[in-house]
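Q: Residues per chain are reported as follows:
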Amino acid sequence: QKEVEQNSGPLSVPEGAIASLNCTYSDRGSQSFFWYRQYSGKSPELIMSIYSNGDKEDGRFTAQLNKASQYVSLLIRDSQPSDSATYLCAGWDSSYKLIFGSGTRLLVRP
Amino acid sequence: DAGITQSPRHKVTETGTPVTLRCHQTENHRYMYWYRQDPGHGLRLIHYSYGVKDTDKGEVSDGYSVSRSKTEDFLLTLESATSSQTSVYFCAISKDPNEQFFGPGTRLTVL
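Quick mapping for you: the protein sequence lines, in order, are chains A and B. Just so you know, we're using the working numbering here: the first sequence kicks off at 1 and counts up by one. Just so you know, we're using the working numbering here: the second sequence kicks off at 1001 and counts up by one.
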């Protein structure tokens, strides 16, 4: 069973802090990973894609991929209350189907 | 949600009735997907399409069928709805097998 695992949270951080969201995956064939943000009652919104080992930065967001450890993370710098949402990690399995984790709920306290 | 619409947005139906959900895109993307989202399970792939009339099963395809007769439309049919199919259904599209973009969702309740 190919899986993507996330801690359900909630992860609570104060405004202005760094939020660190983590994800592990079981399929060593996975090559590409994605982070989606989902506000309550809304659809998932793609915020980051990462295809190779290392870090990828986009504004306040940094995605990190470590294929040897089968670990993906998302860092959100200068967290804002508007960042409060559920963050979904997803990875391609070897048959090109996207497997989603169940999400981590992030709460940013003003 | 730009370029992707789903209809209906909400539906209540009774056990045993057929239900069809529609996904429509204006992006001319090749790939279209149907997911369901349930508490504790995240998003699970039901069926997907890699071109007109080309479809394949996902992780939770039992009880569902799909059709794609035009690039822009992908239909999901529940032949005989059951209470276990109460869920939020999302359509997604992608230009290539990479980044997927989601529609607004359909909330289906089967009584």
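In case anyone wonders, no lab produced these hints; they're calculated from the structure. Do not rely on the hints blindly, as some may be mistaken.
Unchecked claim - Straight-line Cα separation of at most 20 angstroms, DMTMM-like style, residue types lysine to aspartate or glutamate; simulated pairs:
(1) A/K97 x B/E1014
(2) A/K97 x B/D1056
(3) B/K1057 x A/E15
(4) A/K97 x B/E1079
Stated by the list, open to error - Footprint (simulated), chain B over chain A, 3 or more residues, beta carbon under 8 angstroms:
(5) 9-21
(6) 58-66
(7) 86-97
Claimed, not checked - Calculated from the model, a selection of chain A residues having no Cβ within reach of chain B, i.e. all distances over 10 angstroms:
(8) R28
(9) S32
(10) S69
(11) D78
(12) S82
(13) V108
(14) R109
Keep in mind the model is a prediction, meaning the values are calculated, not measured. Note that the Cβ used here is the ideal one computed from N, Cα and C, for glycine as well.
Q: Decide, hint by hint, whether the structure agrees.
A: Tested hints:
no. : hint            : result
1   : A/K97 x B/E1014 : violated, 32 angstroms
2   : A/K97 x B/D1056 : holds, 11 angstroms
3   : B/K1057 x A/E15 : violated, 43 angstroms
4   : A/K97 x B/E1079 : violated, 24 angstroms
5   : 9-21            : violated (count 0)
6   : 58-66           : violated (count 0)
7   : 86-97           : holds (count 5)
8   : R28             : holds, 19 angstroms
9   : S32             : violated, 7 angstroms
10  : S69             : holds, 22 angstroms
11  : D78             : holds, 25 angstroms
12  : S82             : holds, 18 angstroms
13  : V108            : holds, 22 angstroms
14  : R109            : holds, 24 angstroms
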